[in-house]
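Undergrad: Residue-level listing of the chains:
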Amino acid sequence: MPDISIVFSGLADAFTLGNLLYILLGVTLGQIVGAIPGLSILMALAIAIPLTYSLDTLTAISFLISINKGGTIGGAVPAILLNTPGTPESAATALDGYPMAKKGQGGKAMKYSLYYSVFGDVSSDIVLITVSLPLAALALKMGPIEIMTLMILAFTVIAGLVGSSLVKGLMSVAFGFLLASVGLDPAMGSARFTFGFIELVDGVPLTAIAVGMLAVSEIFVKISEFVVPTEGEDATDSAQVFDKGDQNVTFAELWANRVVAFRAMVIGTVIGAIPGLGSTTAGFLSYSISKQSAKDPEAFGTGDPRGIAASEAANSAVVGANLIPLLTLGIPGNIAAALLVSAFIIHGVQPGPLLFERQGQLIYGLFGAMLIANVFNLIVGQFGMRFWAMIVSAPAKVVYGGALLLCITGMYFAAGGVFGLVIMLAAAVIGYIMRLTGFSVIAFIVAFVLTPQLERSINQAILITDGDFSELAHHPIAIGLLVASVFAIYFLGPWKKRESLIK
Amino acid sequence: MTLDRIIGGIAVAFGGFLLLYGIPANVRMVQNAMPYPAMFPQVAAWMFVGLGLIQLLVGKATFTFPSGKQFAAFLGVIFLVLIMVLLLERLGYVPVAIGLMVAITLLSKERRPLWVLVMVLGLPVGVWLLFEQILQRPLP
Amino acid sequence: MNIHHQYIRPIAIAGVLFATPMAVFAEAECPAGYPSGPIDFVVAYGAGGGTDAIARMLATQLEENMGWTIPVSNKPGAGGGVMMASLLGEAADGLTVGVGSTNTVTLDPYANEGIDFTWESFDYPGTAMAVTFGLVALADAPYSTLEEFIDFARENGRATVSTSAIAIEIAVQRIAEHYDVNLIPVPGNGAADALQSALGGHVDATIQGSQHIQQIEAGNMKQLSTLVSERVSYAPDTMTTIESGVNVTAGAYVLFVLPKGVDPAIQTCLEGAIAEATASDAYTELMANFNTTPANLGSAGAVEFIQNQAAEYQAIFAARNN
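Protein chains in written order, with the working numbering: chain B, 1389 to 1891; chain R, 27 to 166; chain W, 351 to 672.
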């Protein structure tokens, strides 16, 4: 713990007027960008970094972190209101958020999402500020062997998301394995399934797949329903998500899900502290655990606030925790953190083990800014809700048309030009067909997200142990995680609450 | 024979195709080395074969499909967007985006002048302004 | 493969790497009518990264010095390969300039199938920064030099080294061949991942470009060997691989790239203008933030470096695939 005067002067730095304005601007920008399908927070950060060259260091970093924080709030908006998650991490929020909105409680769903998101974010910030050093030491213990077993645990937990048929769910997982193996293999660096396209050397772009399958395919379904209305159903002119009475959320309603939200926050913080995993993993893991451990798992997916809490508290908790390896060791945990590293370096600050010692005042200023950003997130989120409510009250044709255009334009930049767009369209068709034939799109996406990390860590583990499995005996954390996997299969597995494996 | 079983059969065939041709043709095959590049694709292929067999034998689900017209509309909209995407770099962003929105407006039978104007002009120009001017990303 | 013959080259390459980093000071002389419009800088890596920062800083300098307009865009993918491949289709009018890495043209065409370019497909008006590599281990490891590390590997039967790029894996394998010991490169997902494996004690050492410097200053790690021909300022007591008698180096430059066939007068103009920008105070300050100094080889120097390194990698992959 550094000198207390450094802590206070750092915190005081965060409260300058200019800094507050930039935090407000960053949060607002992040919420808007996060809410627009097709635009990602990474893109917002990349665009914002050159703009910060002329700012002083604390203001620049505060601004960037505020954008990141705002984005975790904004991402849930289209997932809830339109069932078109603009980012893979908010996909789990759509599972219960959209059904709730369809019941006419869109405002309520958005409030749940906002409050749990801010709860996750604040809690993980506090963990970062108070116990980052021991957590970082723990994260370092997670070597390839431990990460491999953690990935195995993640896959067993995800089994709760395979949908009604275990066999088809596993086929979706196999499809995820296959698609994730496109690109350079982690063993020899040779190209797999690239068919001569240099664009595929880095693999199939996740954003194009996720946005295509989750958002664009839904938009296409909606637009085709405008063209040929479903018989016997009134063609609704606008998305009626705000018309069922009280849209408020009481404290008692929030408190009722405290266990789910707290567990989600812990999962998000731990996943965030380990470099390389990320918020999509955290959101789905937390959702799946909450669903499978509930007494009434069938309630999930029908507009249950626990689903929103599980997803949002977890994926928001990743944002603060991701800074743990960055600030203590200089290791960026994900791409957003890597962008922050370059912003640090451009401002002459080297992230690394000496950061606290050399830049203590700056870091405590940053902590202050993060806490302020959380407050602003809550306030801006409240106003934002009215704004989004106004947007979706426009005719649905206009809303979905605009969403389509934004997805196409955003993906043009995010996924590498026309090539990425064609992949996005193909993903939309595949996603639609998978849904029609009862294959779990979610199981596929999660497998697709987790596979590269699983494959790389298996490869590394084989190289490090020389293929000798008895080496595992020297890795108690890995053994613990494997035991947990077995328990997860037994207790959380889909057979417990289902009459038969195959429906 | 339910569609579920047909899907099972397709999965078996696809897995077999991958193992016999798809993987060897597109992945570097190495002898006696661990780890090796084809490991994950092969796991996926065997999963297709095994799970497909189960599905082939016991699958029995039936599905509710949308009307043929709706499915055709779905494919039609995708086809439209595909054409737009392929023309994007040749014709420039704004004309292509306006063309697409005109098509969607016509297809979805929107008739109110104000909203037609918003869709056909407001959205393409607005999105263009957002990216080109505010975000400083050059569009074709 | 004749080992001695093949491995003499790196010495010459490394000589270029440090001898005259600021060799080019030509005043930019540009043909009339150039540029006829904005000059696009296309960065081979994502926005917000190191190469992106360099490109944007130099674009600003060029705009100030020359009065040009230089929009910067990013075309990331395939370790810079996507940008290089896209340059093949650009007009050779000097209005499109790629910013990438020497590795993309010296190594990728030989390491992978389906790469449509070689180093000879482009012209190079200069470089901006040198990347040097060091072999580092935890501070409490029972070895402090390359030789002790090799002895450790020999006693244990094997030692693991986490890596972040194919070029580094190759360097590890060549060191192992030289000493005839079992060194196992463990490929990580980027330099940070490789560093993390080493910091956690999961591998015996790692090869890093810059992220390890503060770890050394903090006393967490020590540098066993420096993989260029001259010692580095942050580890002055550590011998280079060349000093240890191993002719294995790993180095790369941030590189400017032009489509082949640009008017030589325009090339000279760009070379001069870029040299002026890399010598500017603002750019030197940015380099100081990266713990390094500007390194512009000029056009001829860049071609020489690339040609030598490409020949080296070509021979290595030819031998591997036999």
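Hints in this document: simulated from the structure, not taken from any laboratory.
Warning: the hint list may mix true and false statements.
[To be verified] Here are the simulated lysine-lysine pairs, DSS-like style, with alpha carbons at most 30 Å apart:
# : chain 1 : residue 1 : chain 2 : residue 2
1 : B       : K1683     : R       : K86
2 : W       : K425      : W       : K610
3 : R       : K95       : B       : K1490
4 : B       : K1491     : B       : K1683
5 : R       : K86       : R       : K135
6 : R       : K135      : B       : K1490
7 : R       : K95       : B       : K1491
8 : B       : K1491     : R       : K135
9 : B       : K1683     : B       : K1490
[Stated by the list, open to error] From the derived model, a few chain B residues whose C-beta atoms are all more than 10 Å from chain W:
#  : residue
10 : L1399
11 : E1613
12 : E1641
13 : D1684
14 : I1760
15 : I1779
16 : L1851
17 : D1854
18 : F1875
19 : F1879
In this text, a Cβ means the ideal position worked out from N, Cα and C, and glycines have one as well.
Undergrad: Given the hint that B:K1491 pairs with R:K135, does the C-alpha gap stay at or below 30 Å?
TA: holds, 27 Å
Undergrad: Going by Cβ atoms, does B:F1875 stay more than 10 Å from chain W at every point?
TA: It holds; B:F1875 is separated from chain W by about 26 Å at its closest Cβ, greater than 10 Å.
Undergrad: Taking C-beta pairs only, is B:E1641 more than 10 Å away from all of chain W?
TA: Holds, because the least Cβ-Cβ distance between B:E1641 and chain W comes to about 40 Å, which exceeds 10 Å.
Undergrad: Decide, holds or violated, for the assertion that all CB atoms of chain W are farther than 10 Å from the CB of B:L1399.
TA: Check passes; 25 Å lies beyond 10 Å.
Undergrad: Beyond 10 Å from chain W, beta-carbon-wise, is B:E1613?
TA: Holds, since 36 Å exceeds 10 Å.
Undergrad: Could you check that no beta carbon of chain W comes within 10 Å of the beta carbon of B:I1760?
TA: holds, 24 Å
Undergrad: Take a quick look at whether R:K95 and B:K1491 sit within 30 Å of each other, Cα to Cα.
TA: Given that 30 Å is the threshold and the Cα spacing comes to 28 Å, the pair holds.
Undergrad: Hint check: R:K135 vs B:K1490, CA-CA at most 30 Å. Holds or violated?
TA: holds, 24 Å
Undergrad: For the pair supplied as a hint, W:K425 and W:K610, confirm whether the alpha-carbon distance does not exceed 30 Å.
TA: At roughly 19 Å apart (the allowed maximum being 30 Å), W:K610 and W:K425 satisfy the hint.
Undergrad: Take a quick look at B:I1779 and tell me if its Cβ sits farther than 10 Å from every Cβ on chain W, holds or violated.
TA: holds, 28 Å
Undergrad: Keeping to a limit of 30 Å between CA atoms, is the pair of B:K1683 and R:K86 held or broken?
TA: holds, 29 Å
Undergrad: Is B:K1683 within 30 Å of B:K1490, Cα to Cα?
TA: holds, 24 Å
Checked against the numbered hints given earlier, this structure breaks hints 5, 16, 17; the rest are met.
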